[in-house]
Amino acid sequence: MHPGRQLAVLGAIFVVLYLLVFFTGGASGSFTDRLHPKLGLDLVGGTQATYIASVQGGQVPSKESMEQAREIIDQRVNALGVSEAEVVIQGDRNIVVSLAGKADDQLKDLSQAAQMRFRLLIGTTGDVSSVALNPPSAQPSAAPTGSGAPSAPASAPASGVPAATNGPSSGGQGGGEVVKAPAPTPTPTPTPSASAAPVSAEEQAKLDDVKEKVGAAAWAAAEKLTAPVDLSSDPNAGKPFASFAKLNGTEVAALPAKMQFNVPTISCKQLDDRPNGAIDDVKTEAAVCYQSAKVLLDKAEVVGDDISKASPQIEQQSGQWVVSLDFKSEGSAKWAALTRKAFEATSSDPCFVAAQALYGQVDHCAVAVVLDKTVVSAPQIQGVLSGTSQITGQFNSASAKQLADQLNFGALPVTFTSGPAQTVSATLGIQQLQAGLLAAGIGMALVAIYSFFYYRLLGTVIILSLILSGLLTFGALVFLGRSMGFTLTLAGIAGFIVSLGVAADSFVIYFERLKDEIHDGRSPRSAVPRAWARARRTIISANAITILAAVVLYVVSVGAVQGFAFALGLATVLDLLVVFLFRHPIMTMFARTKAFLSPRVSGLGRVLRSTSTDAKEA
Amino acid sequence: MARDGFATRLYTGEANINIIGRRKLWFSIAAVLVLLSIGSFAINRFHLGIEFAGGTSFSIPAETGDRTLTQAEASEAVERAIKAVDPAAEIGAAQQVGLTGGDQRFTVRASALTAQQAEQAKAALVEDLGVPASEISDDQVSAAWGGQVTRQAMLGLVIFLVLVMVYLVVRFEWRMAVAAVSSLVLDLILTAGIYSFVGFEVTPSTVIGFLTILGYSLYDVVVVFDKVQENTRGITAGSTRTYTEATNLAVNQTLMRSINTSLVALLPVGGLLFIGAGLLGAGTLKDLGLVLFVGMGLGVICSILFAAPVLTVLKEREPRIKAHTARVLARRAAVRSGDVAPRPERTGRNANATDSDEEAPALASSAPRPGSRPTGKRNTNRGGRPGGAGPRPSGGNKRR
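These protein sequence lines are chains A and B, in that order.
Going by this note's numbering, the first sequence opens with residue 1, and the numbers climb by one from there.
Going by this note's numbering, the second sequence opens with residue 619, and the numbers climb by one from there.
These are computed hints drawn from the structure, not numbers from a lab.
The beta-carbon is built from N, C-alpha and C at its ideal position, and this holds for glycine as well.
Heads up, some of the hints might be wrong.
DEER-style ranges, computed between Cβ atoms [claimed, not checked]:
#1 P420(A) with T688(B): 23 to 29 Å
#2 S311(A) with A751(B): 45 to 51 Å
#3 L643(B) with S62(A): 51 to 57 Å
#4 K102(A) with E848(B): 51 to 57 Å
#5 V931(B) with K102(A): 34 to 40 Å
#6 V555(A) with K642(B): 50 to 56 Å
#7 Q313(A) with V780(B): 38 to 44 Å
#8 P705(B) with V15(A): 54 to 60 Å
#9 A649(B) with K102(A): 51 to 57 Å
#10 V60(A) with A751(B): 36 to 42 Å
#11 A733(B) with V555(A): 54 to 60 Å
#12 V555(A) with E681(B): 58 to 64 Å
#13 V784(B) with V384(A): 50 to 56 Å
#14 D281(A) with A733(B): 51 to 57 Å
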């Protein structure tokens, strides 16, 4: 490639990066404000929150469960981005989390209970909003069977490892385009006693408030419902319940699950707005949204605590990502009972009808995996499962890991109440940052002196490219800090200082090569491309190893090590960029000048003078 | 003049230091150091920082009756109180909790104290700061760096070693992969050994610096092996040089490069260490600077004195190379006894020595010999000759 063109590419990268820095990712404030990288907890302080463990009966949670909870919270914090948070156990029952910068919102989510429940899916009906969007004329029962329903049941595994096939991929509320609002199913109410759980005085008071809000007539009509109202056949059927649409999340949560499900005017949005823990009670049924449809779930037969371990795996036969579940001994028995119920259900069972409405063609019932108030997935059960089970589906490595993490989070034995978030000052402070930058300056100056001393004018090329990669690194830091929460700690700064030294290394390799070539009798002009071709090989090999180290550590590790790996990889990639797009073209252009031939200028003088007839190596 | 001459030869890659020939010495030194390190792991263990071992956290109010404490004062007060109880304790930095509003407190973390020690320290603080005991709290805090972080980092290390092994096998060959990885492992063990032996504190920064060494140490080895590969390509076709000699030449030729790369990389690290340890006393910068300085320094030494010699040991076992070495030695012996006319050396490196008015006297003074190569070779051969000289087949004759 023409040297000018390479420089142009580099220039373009540079411009794009700094446009990103100044104009994207929530950039705001003056131009100097937009140039601040996101600094870490140790340098600028941050936000700290305390979570207090509460165990039933008021006893002190065990050390192990606290450590387990600490690690889980640590993982959750790290899932927020490549920031280096600090999570410690304080005393017997407190977990203190510190995050860089203003992070009150993020800290709020960490205290979520993450209760995992396994519930049989026993009813399905359309969401009110989707009915409104899709006029009744649309054939509602045309649930696609192809992509929507799980394709070939993945229950093939030999050696009796059963699989629970997952429904359409990602789960949550995003799958609306696959399964459209299914036809309401005439769900016969199962055991009426289920909803007759004892109600405390407080809950009764809340319920009375709601009753008053919706009006006696609507309430009475709602109480009479035994099945969801089919709006598609009679658009006016929803009228008596219009007042239910005005309830907020908390008020909806106070209603019995059956009513939340049956009343057609309660929308998915209202269900989603319910407070955390609204459907945690294992003894009652639950109404929840799944793939833009309202579903009714049976009592929770198996809970997250019954899982001993969940892990993302690649299934050997299909090569697809699955989530493997291991249950504890008593959990295993409960899981077997639940899956037997789902597997042996006949076509008249409510759960069968519900699964059919959701997925189209089905053979067995589905069990919903519910995390807090979200259905993570609702796989059809393909066998009576005990012991290790797999959830299959259209996972990729990230989503499989996410689900496994969530399942593991669900196994958390301690629930926490969160204290107020407080700001904390930096542990190290700005003078350490200044010291770090001073160290960087000294290091750079030393490298500069050395390279000028050793390579004379070629030292200029080294210094220029170091400055260039410094600028690129800085831009990347600012941009990544905003867009993916990459936090720069003092250790990170030190890492970048070191990487500048390593970047200078690749120059040494190149120039020494150049020296060799000239020594072997080549003219500087022909030596440059030759030396480049050879040095390139070495530089790529060496940098490939560093990138390998960075990628492996980033994928495998957690916490501070992950942040470090990210920085290492970033620095190396930028180094390669500068080597290819700046140093090489500059040297090519330089080699065409007369000055390059002058020993005094290029620092290749001694070699040049001592070069003679030459002999090439065989 | 001699010094100058050596520098020049080093510069042009003709230092001719017999590194490979002394490999038994290097291996012995390495073995002794590894044993010492492992012994130190067992006896001294590691001196773990608060982030790993957990500790005691003191929380004191910022308002102490009549005055408001600064961050530094809080830190000093806690330090005085704790040092009085346990002089060996480490004190972390003070942190102000609640920057706005009236309820500001300072928390200071220190290494783990027993309940009794914590009680004493608290009493000392009460007296020192004049605040009621109920205002000061002390808590045991767990490690911020959980076991899981270490486990995952170690897992990452193992996966990396396996992958890099595969990469090097593809890029070079398995013998070079083994040599490179063993040199890396040696580097890591010795660095950890120094930490354990001297008793430097191990902090998260140390671990991160330790992992940085991974890439860097191999970087150096790759540079050396790249040259070795180049020098020994098609070596069995000729009979002037054994594999071992060619490797030694490669190491010499890359010596300046190795010294340069390590100097250039160590300069910023030196800056870190100087600032971190010299001006700030302790902390992240010192921890990182120290582990990198030790690890990178050892990495360079390992790649020159250990990786290349290991490679030659492995290579000499390869039948093809073994036969070739025997042939070269036999031929050389034949040349000496006059059976075959000596061929001129074609190394391309030493023929020019006399052409330089600057270098000639230098070379002459340090090594009075016609060309620098033969002497070096003879030294190198000493170890391998008995095996090669025995059969004395006229392999060399056959070829010419």
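*Look at the Cβ atoms of K102(A) and E848(B) and judge whether their distance stays inside 51 to 57 Å.*
Because 56 Å falls inside the window, the suggested range holds.
* Asked: Can the suggested window of 50 to 56 Å be confirmed for the beta-carbon pair V555(A) and K642(B)?
  -> violated, 41 Å
Using the Cβ atoms, figure out if P705(B) sits within 54 to 60 Å of V15(A).
-> Holds - the Cβ-Cβ distance for P705(B) and V15(A), about 58 Å, lies within 54 to 60 Å.
Is the hinted range of 51 to 57 Å satisfied by the C-beta distance from D281(A) to A733(B)?
violated, 41 Å
- Task: Could you tell me whether the CB distance from V60(A) to A751(B) stays inside 36 to 42 Å?
- Result: violated, 23 Å
- [ ] Could you see if the CB distance from P420(A) to T688(B) stays within 23 to 29 Å?
- [x] holds, 24 Å
inquiry  = Assuming the hint says 34 to 40 Å, is it satisfied by the Cβ distance from V931(B) to K102(A) or not?
reply    = violated, 59 Å
### Task
Hint says 38 to 44 Å; check whether the CB-CB distance for Q313(A) and V780(B) agrees.
violated, 19 Å
Could you see if the CB distance from A733(B) to V555(A) stays within 54 to 60 Å?
Since A733(B) and V555(A) have Cβ atoms about 42 Å apart, the given range 54 to 60 Å is violated.
Exercise. Quick one: are A649(B) and K102(A) within 51 to 57 Å, going by C-beta?
Worked result: Since A649(B) and K102(A) have Cβ atoms about 55 Å apart, the given range 51 to 57 Å holds.
Exercise. Look at the Cβ atoms of V555(A) and E681(B) and judge whether their distance stays inside 58 to 64 Å.
Key: violated, 48 Å
51 to 57 Å was suggested as the range; check whether the CB atoms of L643(B) and S62(A) agree with it. Holds, since L643(B) and S62(A) (Cβ atoms, about 56 Å apart) stay within the stated range.
Checked against the numbered hints above, the structure violates hints 5, 6, 7, 10, 11, 12, 13 and 14; every other hint is satisfied.
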